[in-house]
Amino acid sequence: MNKHNSSFANRLSSEFVLVTAILFITALGAAAWCSHILISREATKTAQNMLDAAVREIENEIQKVEDAADGVAWIVEEHLDDPEYMYHITNRLVSRSDNVYGSAVAFPPDAFPGKHYFAPYTFRNQAKGGALTSIQLGNENYDYFNMEWYSAAASTGRPHWSEPYIDNGGGEMEMATYSRPVIGSDGKVKAVVTADFYLKIASDILNKVHPYPHSRTVLASATGKYIVDVNSGFFGNDILSSCGSLEDNRAIEAAEDMLNGSRGIARYINNGKYSLVTYGPLKNGWTAALICDYKEVLKNSARMHAVLFCIAMLGLALLFLLCRKIARKLTRPLTDFDKSAQQIAEGNFNTTLPEIKSEDEIRHLRDSFEHMQSSLNKYIEELKVTTSARERIESELNIANKIQMGIVPNVFPRDSRIDLHAWLKPAREVGGDFYDFLIRDDRTLYFAIGDVSGKGVPAALVMSVTIAAFRSIAKLEPDSAQMVSKINDTLSEGNSEAMFVTMFVGKLDLCTGEMTYCNAGHNRIVVIDPQGKASFLNQKANLAIGLADGFKYEEESIFLTPGTRIVLYTDGVTEAERDDRAQFGNERLLRWASEQKCANAGEACDDLYRNIKAFTGDAPQNDDITIMTFKYKANK
Amino acid sequence: MNVTIANEGGKVISAVTGRVDTTNAADFQEQMKPLMSLQNPDIEMDCSGLEYTSSQGLRIFLMLQKAVSANGGKLVLLNMQPQVKEVFDITGFSNIISIL
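Keeping their order, the protein sequence lines are chains A and B. Going by the working numbering, the residue at position 436 of the first sequence is 436; the numbering climbs one at a time, nothing skipped. For the working numbering, count along the second sequence from 1 and bump the result up by 1000.
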C-alpha cells in the first residue's frame, strides 16, 4: 500500500524533475557555451597582450642597440683620418651600452695605407671577467668583407640585423649583430659600425611571459630561424621545417603568416593536444610567438563548467527531494483513503475518514466516500431487515410445510380389501391441494381429494379449514352429498376473496363394492376396470365449494367389481406444462392409466409422477400435484 | 393475456384473449377491475380468444360475476373455446355464470 503511494509520488517528482532537468541542462549548456567562447576570447586576448608587451620590451632593447651604433656613426665619419681613434669609439660604445656585448668599426679594403683589413673591435671578455678588450678583427683568416654582418650593410648602404649566431670568439653566447653603414659625403660607404646584441636579454624578457604552466615563447629571425625558444634548444633551426613536421597543416600556415610579418592567432593540434598560438612582428623584421596548451587556456572555463554542472546536479537532486516530499504530502490522503476503503471492504462501514482541510478534489473524494459510507450503512440496514424478514418467512413456511404434510395422512390402510396410496407435492412450500381418507366401522372407506383455487399461503389456509371440516363432518354424516353441502356452507360464509375449492368426496362399501360419491366441481376421476380399460367417470359437476351458500349437491353411485382401480388427481396433473405450454392433458392421463402395469397403489402414484416429470422436463412445477389411487380387491 | 373494454349500444362489450395462468393472474385481475365498478354493469364478454384459464382465472371470473350481480347487472360470456368451456363445466361454474 505504502509502496504504491511512494511510487506515485516518485513518478510524479521524477517526471517533473526530468522536464526541469531538460530545461535546466539546455539553459546551462547555452550558458556554458557562451562562457566558453568568452573565456576563450579573453584568454586569447590576454596572451596576445602579454606577447605584445614582451615584443615592445625587446624592441626597446633592440632600439637601444641600434641607437648606440647609430649614435657613433657621425663620430666615425668625423675621424676617418684617425684610425686609432676608432678603438676609442668602440670602447666608449660598449662601455656605455650594457646590452651590447661588443662593437666593431669595420672599414672597406685598403681604407688606410697598409691596412687591407681594418676593423677595431671591443668586447666584454668573459675570460677576463667581462673586462673590455679591444682587438683588430680582420686578417686573412677572418675575411670580414665577405661576412654577412659587413657585406649586407656595406653593399646596400642600409642598416642590417644579422641572423642569430653563437659567438665562438668569446663566451659561447647567442648573439645577433646590428650593422650600421657610415656613408660619406660622396655617398660611398666609408665604414660599418656594428653592435652585438646579447640575445639572453631577449630571452630573459620572453621568459617572463609565462601565462600557463606549459606555455612557451619563440623569437624568430626575419628568415625564420629560431632566435629564442625558451623551452628548448632549437637555436638556429628553421621554424618552417620544424612546423612542417607537425601533422596539422594549420601549424605551418600560422608559421608562414607569422614570417610574413602579420599579427594573428591560430590553433592547431600537436601530438593530440590543442595548441593556441599568438604571434606578432618586431620592427627589425623578427617575429615573436606565444604557444599555449589550449586545455590550460580553457582551464578556467572547464572549472566553471564543472562548478555549473555540480550546482545543476545538486539543484536537481534538491528539486527531486522537494517534489517527492510535496507529492507525498499531497497523496498522503489517498493512502489514508486506501486504508479507509480496506476497512470498509472488511465490513467496517463506520470507519473514520481522514480529515481533509483543503477544498479540492481530495475533499470531493472524501465527500463521496462519506456518501458511500452512509449509503452502504442504509442499504445494509435495509438488507438486514429484508433478510431477517425473508428468513423468518422462510422458516415459517418450512414449518408450515411440515404441518401441512402432517395434516394429510401418511399411513395407508392395511386392509386386504383395499390397496390405497396417495401423494402430494405442492408447487411452493405450502399449497392448496389435499387428500384424506378413513375407514369407518371396518366397512366403509371415506375418501376425499380437493384443490383450493390459487397456491401458497392463502390456499394453504383454506385447505386447512376444508380438511378440518371434512374430518369433523365425515365422522358424523354418512351421506356424501350432505357432507359436501355442510363443508360448502362452512366455507361460503364470509368468503370475500372468492376462494373456492374443487373437491371429490367418496364412500366405498368395502363389502359390496358400492361407491357413492359427490363431486364439487373437481376433475373427473379415472376408473380402470379389472381388464385394464381406463375411462373418466361420468360424474355430475355440481359446483365448486365456497361459491354458493345452500347449493344443493347431489350424490351418485356406482358398483366397483373387484379388481377395479380408481385414480383421483388434481388439475396439477392434467395441467402440468412443458416449456412450450403444452399440457399433460386428459388423453395422456388415460393412456397412462390403460398402459400402466403397476403392482400396487404406491408404485402407481410414483409411476404417474415419473410420467408427468418426463413430459414437463426441466419446466418448473406450476401447480400443486396430488394423486390418490386405490384398487378395490374383493369383498370377503 | 389482454382484456379490452368498449361501450356499444348501452352494453359494455369486453373481450379477453390469451392465457390466464399463475404468472399473470394478478395482471388479469388488475385488467378486470374497471369492469367490476361500472355505472352500466351489463357486460358481454367475448371469450373466443381465451386459450386457457387456471383455477386462479376462474376465481377472477367469479369475482367479476359477484361484482356485476351486486351492481344489479348481468354478465354473459360468449364464444368460449371448448377446452375452456370444459373447465367451467367441470368446476360447475357454468351453473352460476351464464355462458352462451
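Careful: at least some of the hints might be erroneous.
Unchecked claim - Pair by pair, the computed Cβ-Cβ distance ranges are:
{"hint": "1", "chain 1": "B", "residue 1": "V1076", "chain 2": "A", "residue 2": "S557", "range": "46 to 52 angstroms"}
{"hint": "2", "chain 1": "A", "residue 1": "G550", "chain 2": "B", "residue 2": "N1040", "range": "26 to 32 angstroms"}
{"hint": "3", "chain 1": "A", "residue 1": "I380", "chain 2": "B", "residue 2": "G1072", "range": "53 to 59 angstroms"}
{"hint": "4", "chain 1": "A", "residue 1": "A389", "chain 2": "B", "residue 2": "L1100", "range": "45 to 51 angstroms"}
{"hint": "5", "chain 1": "A", "residue 1": "A389", "chain 2": "B", "residue 2": "K1074", "range": "55 to 61 angstroms"}
{"hint": "6", "chain 1": "B", "residue 1": "K1074", "chain 2": "A", "residue 2": "S472", "range": "47 to 53 angstroms"}
{"hint": "7", "chain 1": "B", "residue 1": "V1076", "chain 2": "A", "residue 2": "T387", "range": "48 to 54 angstroms"}
Unchecked claim - Chain B residues, not near chain A, derived (Cβ > 12 angstroms throughout):
{"hint": "8", "residue": "I1013"}
{"hint": "9", "residue": "R1019"}
{"hint": "10", "residue": "D1021"}
{"hint": "11", "residue": "L1035"}
{"hint": "12", "residue": "S1037"}
{"hint": "13", "residue": "R1059"}
{"hint": "14", "residue": "N1071"}
{"hint": "15", "residue": "G1072"}
{"hint": "16", "residue": "V1076"}
{"hint": "17", "residue": "S1098"}
{"hint": "18", "residue": "L1100"}
No lab work stands behind these hints, which were simulated from the structure alone. A virtual CB, placed ideally from N, CA and C, is assigned to each residue, including glycine.
- Message: Which constraints among the numbered hints does this structure fail? Numbers only, ascending.
- Response: 1, 5, 6, 9, 10, 13
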